[in-house]
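Quick note, the sequences are listed as chains A and B, same order.
Each residue of the first sequence is one higher than the last, beginning at 1 in the numbering used here.
Each residue of the second sequence is one higher than the last, beginning at 1001 in the numbering used here.
In case anyone wonders, no lab produced these hints; they're calculated from the structure.
Remember, it's a predicted structure, so these values are computed and weren't measured experimentally.
There may be inaccurate statements among the hints.
Unchecked claim - In silico DSBU-like cross-links for lysine-lysine, where the CA-CA straight-line distance does not exceed 35 angstroms: (1) A:Lys476 x B:Lys1039; (2) A:Lys193 x A:Lys473; (3) A:Lys194 x B:Lys1172; (4) B:Lys1003 x A:Lys326; (5) A:Lys40 x B:Lys1172; (6) A:Lys321 x A:Lys303; (7) A:Lys361 x A:Lys37; (8) A:Lys143 x A:Lys473; (9) A:Lys481 x B:Lys1039.
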Amino acid sequence: MFKIRKKKSLAVAIAMVLSVSVLLTGCSSNQPAAPAKEMKTSFNAGAEPKTLDPALSTGVPESHIQTALFEGLTRIGEGEKVMPGIAESWTTSADGTVVTFKLRDAKWSNGDAITAEDFKYSWLRALSPALASEYSYQLYYIKGAEAYNSDKGTADAVGIKVVDPKTLEVTLAAPTPYFVALTAFHTLYPVNKKNVDANEKWSLTAETFIANGPFKMKEWKHNDQVIVVKNENYWDAKNVKLSEITFRLIEDNKAALTAFESGELDATENIPTEDIERLKTAKVLKIDPYIGTYYYRFNVTKKPFDDVKVRKALTMAIDRKLIVEKVTKGGQQPAYAFTPPGMVDVEAGKDFRKVGGDFFKEDVAAAKALLAEAGFPEGKNWPADVTILYNTSSNHKLIAEAIQNMWKTNLGIDVKLRNEEWAVYLESQKTLNYNISRAGWIGDYADAMTFMDMFVTGGGNNQTGWSNAEYDKQIKEIANKSGDQKVRVPAMHAAEKALMTDMPILPIYFYTNPWVIKDKVKGTYRSSLGPIDYKLATVE
Amino acid sequence: MAKFLLKRIASALLVLWIVVSLTFVLMHSIPGGPFSREKAVPPAILKNLEARYHMNDPLSKQYVDYMINVAQFDLGPTFRYEGRTVNDLIKDGLPKTATIGFLATIFALGGGLILGSIAALWHNKTPDAVATFIATIGVSVPSFVMATFLQYYLGYKLGLFPPVGWNNGAFKNLVLPALALGAFPIAQITRLMRTSMLDVLSQDYIRTAKSKGLPGYVIIGRHAMRNALLPVITYLGPFFAYILTGNFVVEFVFGIPGIGQFFVTSITNRDYSTIMGMTVLFCSLLVVFNLLVDIAYTFIDPRIKLTGQKGA
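Next up, chain A with everything else stripped away, as it sits in the complex (with noise of 0.2 angstroms):
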C-alpha cells in the first residue's frame, strides 16, 4: 500500500514565529502576557499515575496527562482521524515495511529543538531490556525491536536510521498499516536525552519535567494532583486557548462525582453505576464511545465447555440487551461479536463490526435444542460445580447474577457464582484454574488486530485453552503478514468467524465510556482509545 500524506502548512510558519517571540523571554510559568481571559479547567484523572515517563506508563490515569503534555510523531484528532504530530509528513514504501517521518520544526518545552535522534533514542530507550517497560511491545513492529528488548540482539540491529535531523526512517518487521497511528501512542512518545540522561528521576518533579506537548507540567503533588499549563513552545501554540488543567487524582469515584456536583472539577469519569440513571434524566452525562469488550471465557479443556454445543447454546440464552439496559446502564451495546465498532474496515470510513455483522441471534429454543443435543436436555445431568468467576466488584457481580438467572431460567441449568481478588483471579485465569471467567478487553489501536491477534493458539491472552487452526492461519500466515487491507481485513473477518463459530468466548457487550463535564468546558476531544486530548479545549 502506497501512502503519502503532506501537509505543509502555513501553520507551521507562524508557529515558528510566534515560538521565537518575545513572549518567551519569561520563560517560567508566569502569567500569559496578553491576558485575554484565563481559561483554566479541572478533570479528575483518577488514580496517582504509575509514572509519567512515557515509556514506562501503562494506565489510563496517566493517558490523560500525557496527551496533554507530550505529542508522538503523529496525534488522534476529530473523527480518530491521524493528524501531523511532531511528524507533518510522512511515506511509507511500496512493500509497506518503511516508513519515513519528516519531522517539523518543533522544540522541547525548554526551548531545545526536537530532531529524528530523539526519537531513536527514546524508542531504543523503550526497547531496552536494562528499562524493563512493560509496554515495550508496542514497538515490536520494528525490525529487530522484540530481539533487542529480549536480549537476543543489539540496539544497532533495530530498525530506527536517523536519515538527517528532520528525518526518521523506520524500517518494520511486516507491514502494519497502523504503525503510523501507533505513533501517537504513549509508549512512542519522545523523551528528552540530555535530560533524562543526566536524571533518571526526571519524571517525578514538575522541575525536571521536560516534554513536547501542549502542555507543560508545572506541579506534581503526588496521590493528590497533577498541574500542567500551557506550552508556549509548542509547535501549535496559538491553537492552545487553555491556560492551565488541574488533573486532579481523586480514587474514590463516588467522591469524584460529589466534587463535580459542587463545583470543585469540571469534569470526571468511572461514574458510579447507581448515578448513571439519576445523570442521565439531567442530561449531564455524556456517552462516548470506548473500543472495549465485556465478554466471558469458556475454559474449552474442561467438560462440558469441550462441547461447541454447550458453549452456544449458553451464549444464546441471555438476553444482552437487559443486561445494558438494567445492570449496566451507561448505553452500552449488546455484543453479538468479539471486535468492537471503532475499527476501520478496508475503505476508510467502513467500520469493520458493521462490516462483519453479528455472528449469532439470541435463541431460547435454539440453545435448548443445542444442550440437549450435548446431553442435558432441559438441563437435566448438568454438572454442580460449574462455576462463573469474576474478580471481586460489585458490578460484575450483577452481571454474573442476572446470566446465572437466565440460565437458571432459559435452561434450567444451575451455575454457581465465584468471586477472587484481582491478581488471585488473573492467576486462576492464567492457570485455566475456572470453568467459566468474566473478561474485558480494551484496544490499544483503532485496528481489529488490537482484538483479532488474542486467540492465536498459546497467546499470552488467550487463556480459554482454544486452538484453530483456521483462525491461526488467518492471522498469522496472512493478517499479520501484509500491509495491504484488501488482503488483511478479511482475514480478520475470516479469524473472527472462525472464533465464533467456536465460541471459547461469550460476548456479553461493547463498552462505552460514560463521563460529565460542565457545559463551559469545550472543544476536548476523547479518543474511542480512552485518552481525553484538552488541546484544542476553551472554557466560556
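Once you've looked at the hints, dock chain B against the given chain A.
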C-alpha cells in the same frame, strides 16, 4: 528505667523480625505477583521486569537482602510507582496522615473524656442518654458510611467544607476527614471513660473527699479523673497507631494523599516492597506507642512501677 527500656527494645526487635518474616512468607505464597496484568505481559518483558526488581533471585536471597536493607532503614523501591521508594511514600504520606490523625485525636480524646465524664456524673439522666446515644452511633456506623455522610451533607449539601481534597493541608479541608476518623474512637473513649468514672465515683475515697467538704470540681478534677483515666490510657496505644497509619476508607473517600491507602492497595497490587514497608512501619509504631503508654502509666498512677513485676 534504662534496663526496662533496653529489655523492651530487644523484645520489640524480636517481635518486628517475626512479623516481617511471617509477612514475607505469606506474601509470596498468595497467588499472583506484582506483574499480574489483565493484558498478559509477554515472557521476555516479564524476564526484564524480574531482573530489574531482583525477583529472579532465589527467595532466600531476596529475604536476606531485604533484611539487610531494612536494618539500614531502606525499604526498597515500590513496584507500583516508578522511581519512588517506599521511604518516599512514607515521607510524603505520613505527615499528612499524622496531621489528620492529630486533629482526630484532639477531637476524640477531648470529646470522649468530656462526654464520658458527663455521662457518669449525670448517670441515668438525660445527659447520660445523649452521650451514650452519640457513642452508640460512633461505634455502630461504619467509617465509610460516616465519611460519605459527612462528605455529602456537610460538604456538598450545606457547602460548609470542601467535600474532597488535601489542598495543601488547609484547615477547612481537614475538618471532615478528622471528624470521620475520630467518630469511632470518640465513641470508644466515651464508653471507657463513662464506665471507669462510674466505678471510681463509687469508691470509698471519693466519699471521703465529699465528706471532707471538698468542692465538686476538685473531687472530679484531682481525684476522680486521674484514676478514671487509666483504662483510657491503655486504649491510647493501639489508638495512636490506628490514627497515625491512617484509615484507608477515610483517606480514600476524602482524597487525602496519606499512607492509609497503601495498606490496602499494596496488597491488591502485590507491591511486595510496600507490603513489607507498611508492615514494618505499623509494627514499629505499635510497639513504640505501647511502650509510651507503659511509661505514661507511671506518671498517672504512682502505684505502677516499670521495673516491677508488671508485664507489658
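Which numbered hints turn out to be false for this structure? As far as the earlier hints go, 2, 3, 4 and 7 are violated by this structure, in ascending order.
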